[in-house]
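Participant: Sequence:
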Amino acid sequence: MKILMVTAFAYPHGGGLSSHVKTLKAGLEHRGHGVDVLSFSDVPLVKRYWVRGGSYLRNRREHGAGFYWSQQKRSEILRKTLAEASSRYDLINAQDVMAAAASAATGLPVVLTVHGYLAYEAVSKGSVEPGGIYEKRLLEMEKKAYRLADRLVAVDRRIQAYVKNLSGKEAAAIPNFINAEEFNPDKEDNEKYREELGFSQEDFIFFVPRRLTEKNGVIYPVLAFAAAKEDLPGAKLVYAGAGEEAERLKREIGGKKLNGRVLLLGEVPHEQMMKYYTISDAVLIPSVHSAGVEEATSISALEAMGSGSPVIASAVGGLKEIIADGEDGLLVEEKNVRELSRAMTALFRDAELRKRLAGRARRKVEQSFSHLAGAEKFERVYMEALQEKKPLRGAADQNGEARP
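Take the sequence shown: its letters are residues 40 to 443, numbered as in the working numbering.
Derived from the structure by calculation, the hints contain no laboratory data. Careful: at least some of the hints might be erroneous.
Unchecked claim - For lysine to any residue, the following SDA-like pairs were computed, each having C-alpha atoms within a straight-line distance of at most 20 Å: (1) K416 - S57; (2) K119 - V82; (3) K314 - N223; (4) K403 - A212; (5) K295 - L271; (6) K416 - K268; (7) K394 - T384; (8) K203 - E179; (9) K64 - R91; (10) K208 - L425; (11) K394 - A212; (12) K64 - K231; (13) K208 - K428; (14) K268 - R300; (15) K275 - K208; (16) K183 - F106; (17) K295 - R377; (18) K64 - S407; (19) K374 - E291; (20) K275 - V376; (21) K275 - F243; (22) K203 - N229; (23) K112 - M180; (24) K275 - E378; (25) K374 - D242; (26) K182 - W108; (27) K182 - N229; (28) K314 - K295; (29) K64 - H309; (30) K231 - N218; (31) K416 - Q406; (32) K295 - V376; (33) K203 - M180.
Said to hold, decoys possible - Pairwise CB distance ranges, derived in the manner of DEER restraints: (34) G365 - E115: 35 to 43 Å; (35) M422 - E220: 33 to 41 Å; (36) G92 - G170: 26 to 34 Å.
Note that this is a predicted model, so its numbers are computed, not measured. Heads up, the beta-carbon is just placed ideally off N, CA and C, and yes, glycines get one too.
Please build the complete structure, drawing on both the sequences and the hints.
Facilitator: Shown next as structure tokens:
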């Protein structure tokens, strides 16, 4: 099968969607399929600047207008690009609602993977006003895309229910997954990587591999670390990610006199992340509810689990689906600074607990969240879409309306 993955966002980038595409592509290719990716990064630079500039100017006049306009334009540009490329493929796997709307015009079977909530995430980030006209239009954009797609995949059960409620259509629930061969325990390289990355062998490293955005709850590890810092001698809190919460984090770090103990690395290339997971003594995934948005099946959590690092995560969304509290990770109440600081202190003090949680987490990833198992599940959805679309396309051929 020849598959085209399409996204209206940049690819590659530091987010979970990009990691998902890369990992699924590897799994599908392992199973003998041909896979290409078309993203907004493939659009000519002048058009990308035009969309960004137009969005900025419209937002200056009316908050939210530019964001909504830019989503429409990304879809239109992709649709024109797909008109030239689609004849080489059997199926399109769209990765967002804008890409799905563009892909539907090709006449090819379209599977839409739903990674989140376009409208609610736009509200959460402050891109549009809650309850305003542009939130409503984005919800309509989502609903239309779900109905246009031949098959839908949701990356956790809460998103599955959201899609059903919004559009009336059923989505297959396929949790995110990782390349279990790539993210494999390599703790023997701990000493080498610590020296390369500028850490001492005595540092106890709490790692936060998160985009610095509100829904990821990135402020809470700083607050918890500050509350427990006397109980965490030699510990460091290390963030890998960029986003709008960076300035707030810097203010908290300075105000709580944590300079030198809390490090903001900015965005780290995905291929470098394995080194940070290797040197991590514990990984924090402190996601929170934000404007109706919850964490999906977190790829960062799965990467940590696959890499032999114990995980502390908020008990929200898809995190509750992949982590069994006290068995293969620790779950804490979201936004609960005291619970988070206690969990951090527990892992800091108990090497046996860290080892036990990490070992069980690795086994779970191998059994349930590998990219090869994920690719097989997607393949079944692709075949369903192909079979459903085949008679429709045959009828279109008879009427002279099929694609070239």
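Participant: Look at each hint and say if it fits the structure.
Facilitator: Results for each hint:
1. Distance hint between K416 and S57 is fulfilled; the C-alpha atoms sit about 19 Å from each other, no more than 20 Å.
2. About 10 Å separates the Cα atoms of K119 and V82, which keeps this hinted pair within 20 Å; it holds.
3. Distance restraint check for K314 and N223: the Cα-Cα separation of roughly 11 Å lies within the 20 Å cut-off, and the hinted pair is therefore satisfied.
4. Taking the CA atoms of K403 and A212, the gap is near 18 Å; set against the 20 Å cutoff, the hint holds.
5. Annotation: proposed proximity of K295 to L271 holds, straight-line Cα distance about 15 Å (limit 20 Å).
6. Taking the CA atoms of K416 and K268, the gap is about 44 Å. The hint is violated against a cut of 20 Å.
7. Proposed proximity of K394 and T384 is supported: the alpha carbons are some 15 Å apart, at most 20 Å.
8. With a CA separation close to 14 Å, the supplied pair K203 and E179 stays within the 20 Å bound.
9. A threshold of 20 Å between alpha carbons decides the hint, and for K64 with R91 the separation of about 28 Å lies outside it, so the pair is violated.
10. Under the criterion of a C-alpha separation no larger than 20 Å, the hint pairing K208 with L425 is consistent with the structure, at around 18 Å.
11. For a cut-off of 20 Å, the pair hint linking K394 to A212 is broken: about 31 Å separates their Cα positions.
12. Taken as a hint, the K64 and K231 pair is broken in the structure, with Cα atoms around 31 Å apart against an allowance of 20 Å.
13. Restraint check for K208 and K428: satisfied, since their Cα atoms lie roughly 17 Å apart, inside the 20 Å limit.
14. Restraint check for K268 and R300: satisfied, since their Cα atoms lie roughly 9 Å apart, inside the 20 Å limit.
15. Of the supplied pair hints, the one linking K275 and K208 is violated, its CA atoms being roughly 46 Å apart against a limit of 20 Å.
16. The suggested pairing of K183 with F106 holds, with an alpha-carbon distance near 18 Å, which does not exceed 20 Å.
17. Our distance criterion of 20 Å between C-alpha atoms is met by K295 and R377, whose separation comes to about 16 Å.
18. Distance check on the hinted pair: K64 and S407 sit about 18 Å apart at the alpha-carbon level, within 20 Å; holds.
19. As the CA atoms of K374 and E291 are separated by approximately 16 Å, the hinted pair is consistent with the 20 Å bound.
20. For the proposed pair K275 and V376, the alpha carbon gap of about 17 Å is at most 20 Å, so the pair holds.
21. Restraint check: the Cα-Cα separation between K275 and F243 comes to about 6 Å, which is no more than 20 Å; the hinted pair holds.
22. Taking the CA atoms of K203 and N229, the gap is near 45 Å; set against the 20 Å cutoff, the hint is violated.
23. With a C-alpha separation of about 13 Å, the suggested pairing of K112 with M180 holds against the 20 Å cut-off.
24. Taking the CA atoms of K275 and E378, the gap is near 19 Å; set against the 20 Å cutoff, the hint holds.
25. Between the alpha carbons of K374 and D242 the distance comes to roughly 26 Å, so the proposed pair goes past 20 Å and is violated.
26. The straight-line distance between the Cα atoms of K182 and W108 is roughly 17 Å, inside the 20 Å bound, and the hint therefore holds.
27. Distance hint between K182 and N229 is unfulfilled; the C-alpha atoms sit about 47 Å from each other, more than 20 Å.
28. Proposed proximity of K314 and K295 is contradicted: the alpha carbons are some 28 Å apart, above 20 Å.
29. A distance of roughly 15 Å separates the Cα atoms of K64 and H309; the hinted pair therefore holds under the 20 Å criterion.
30. This hinted pair does not check out: K231 and N218 have alpha carbons roughly 23 Å apart, beyond 20 Å.
31. Of the pairs offered as hints, the one joining K416 and Q406 holds, with about 14 Å between alpha carbons and a cut-off of 20 Å not exceeded.
32. For the hint pairing K295 with V376, the CA-to-CA distance comes to about 15 Å; that is within 20 Å, so the pair holds.
33. With a C-alpha separation of about 15 Å, the suggested pair K203 and M180 falls inside the 20 Å cut-off, and the hint holds.
34. About 50 Å separates the C-beta atoms of G365 and E115, a value inconsistent with the hinted range of 35 to 43 Å.
35. The hinted range of 33 to 41 Å is not satisfied by M422 and E220, whose Cβ atoms lie roughly 25 Å apart.
36. For the hinted restraint 26 to 34 Å between G92 and G170, the CB-CB distance of approximately 28 Å keeps it satisfied.
Going through the hint list in order, the structure does not satisfy hints 6, 9, 11, 12, 15, 22, 25, 27, 28, 30, 34 and 35.
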